[in-house]
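Residue numbers (the working numbering): 2 to 355.
Among these hints, one or two may not hold up.
What the hints assert, rightly or not - Mimicking DSSO-like on lysine-lysine, the simulated pairs with C-alpha atoms at most 27 Å apart in a straight line are:
#, residue 1, residue 2
1, Lys214, Lys153
2, Lys153, Lys270
3, Lys134, Lys67
4, Lys153, Lys67
5, Lys269, Lys134
6, Lys210, Lys134
7, Lys264, Lys134
Bear in mind the hints are in silico, worked out from the structure with no lab data behind them.
Please read all numbers here as calculations on a predicted model, not as lab measurements.
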Amino acid sequence: MLRFLFVNRIIAVRHKRRDKRKWKFSRASIIPAILLTASFASLLYPHAAMWLSQYHMSEVAAEYAKLITHAVPAPHEQLQRAREYNRQLSVGAIYEANTNIPTSHGETSDVSQNYWDQLKANDDGLMARLRIKKIDLDLPVYHGTQDDTLLKGLGHLRGTSLPVGGPGTRSVVTGHRGLASAEMFTRLDEINKGDTFTFEVFGEILTYKVTEKIVVNPDETKKIAAVPGKDLVTLITCTPLGINTQRILVTGERVVPTPAADKSLLGKKPDVPRFPWWAVGSIASLIVVCGYIYWAGLPIVKKKKKNNDKQNGDNAHMDSKESQRLSQQSFESIIDGFAAGKRPKASKLRKLKS
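The whole structure should be built from the sequences, with the hints applied where relevant.
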C-alpha cells in the first residue's frame with residue numbers, strides 16, 4: 002500500500018512539472034520581437050519627441066506671467082524702455098543665404114540701450130510669448146537667433162523692433178521648421194490672410210491680423226523693413242521643408258483695440274499639447290510584442306493536441322450521423338414488414354429502441 006502511494010506521488014509530481022513547462026521562452030522569438038519593437042519605436046518616436054518638446058515649451062510659456070512679476074526693472078518700466086529702444090533703432094537686417102539662422106545688423110544712437118537687457122524676463126533671454134490659435138502654437142520668444150536659442154523656442158531677430166507695438170515698427174520673429182524633435186514653425190505655411198496671432202509681452206496682449214504671406218529669397222531684406230505709420234510683426238521660417246533655400250514671411254498688422262477675447266488670454270495656461278495619443282500607441286505596441294513572445298513560447302504539442310481534439314470531434318460527429326442513417330433504414334424496413342403482414346423479431350425492435 003505504501004509502495005502504491007509512493008508511486009502515485011511520483012507520478013503526480015511529474016505531472017505538475019509537465020504542467021509548469023507548458024509555456025517556455027522561445028529564443029527564436031527574440032529577433033522578431035526586437036524588430037517589432039524597433040518598428041513601433043520608429044513610428045512613435047517623432048510624435049513622442051514633439052509632444053514632450055511642446056510640453057516643455059508650454060511649461061515655460063505658462064511660467065512667463067509669473068516671471069515678469071519678479072522682473073527687474075518692473076514690467077511697466079521694461080515696456081517704456083523697450084519703446085524708447087524702438088524709437089532710437091535704425092533698422093537694417095539681412096539673412097544669411099542657405100542657412101536656417103537669420104541675422105541682422107542694427108544699432109541705436111544711445112550705446113547704453115543694450116539689446117540683451119531689453120524685455121528681460123529671466124537670465125535665459127525669455128522676452129515674450131507667441132500664440133497662434135489656428136495651428137495650436139503657444140511658444141516662448143527669446144532674444145536673438147542663435148542655434149541653441151532656436152532649439153528651445155522662437156527667436157527675435159536682433160536689429161528689428163522689439164515686440165511692444167507702436168507706429169513705424171516691425172518686429173521679426175523666426176523659428177525652425179521640420180525638426181524631428183519639435184514642431185516650432187512647421188505649420189506656419191497654414192496661416193493665411195485674415196488669421197490672427199497674439200503676443201503676450203510683460204503684462205500686455207498685442208493682437209495682429211495677417212495682411213501678407215509671401216515667399217522670398219534670403220537676400221530680399223527690404224521685405225522686413227519698417228513701414229512708416231504701421232505697427233507690424235513678421236514671422237519667418239524656412240521653405241521648402243527640408244531644403245530651406247527660401248523664406249516664408251507671414252506679416253500681421255496690429256489690431257487696435259485688442260479684442261476682449263484676446264485680453265482674457267493674459268497669463269492663461271497653454272491649451273497645448275493635446276492628449277498624448279502616442280502613449281496609447283506605445284502601450285498597444287507593448288501588448289502586441291508581449292503577445293507575440295507568449296504565442297511563440299507555446300509548446301507545439303499543445304497545438305497538435307488541439308488539432309487531434311478537433312479531429313476526434315469531427316469523427317464523433319460523423320459516427321453520430323452514420324448511426325442515425327442506419328437507424329432510419331432499420332425503421333423503414335420494419336414499416337415495410339408490417340405493410341407486408343410480417344411481424345418483426347423482438348431483438349430487432351430492441352435494437353431499434355436502443
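Here is what the structure says about each hint:
1. Lys214 with Lys153: Holds, at roughly 25 Å.
2. Lys153 with Lys270: The given pair, whose Cα atoms are some 19 Å apart, holds under the 27 Å limit.
3. Lys134 with Lys67: Measuring from Cα to Cα gives roughly 22 Å; hence the hint holds.
4. Lys153 with Lys67: holds (19 Å)
5. Lys269 with Lys134: Holds, at about 13 Å.
6. Lys210 with Lys134: Given that 27 Å is the threshold and the Cα spacing comes to 12 Å, the pair holds.
7. Lys264 with Lys134: Status holds; Cα separation ~14 Å.
When each numbered hint is compared with the structure, no violation occurs for any of them.
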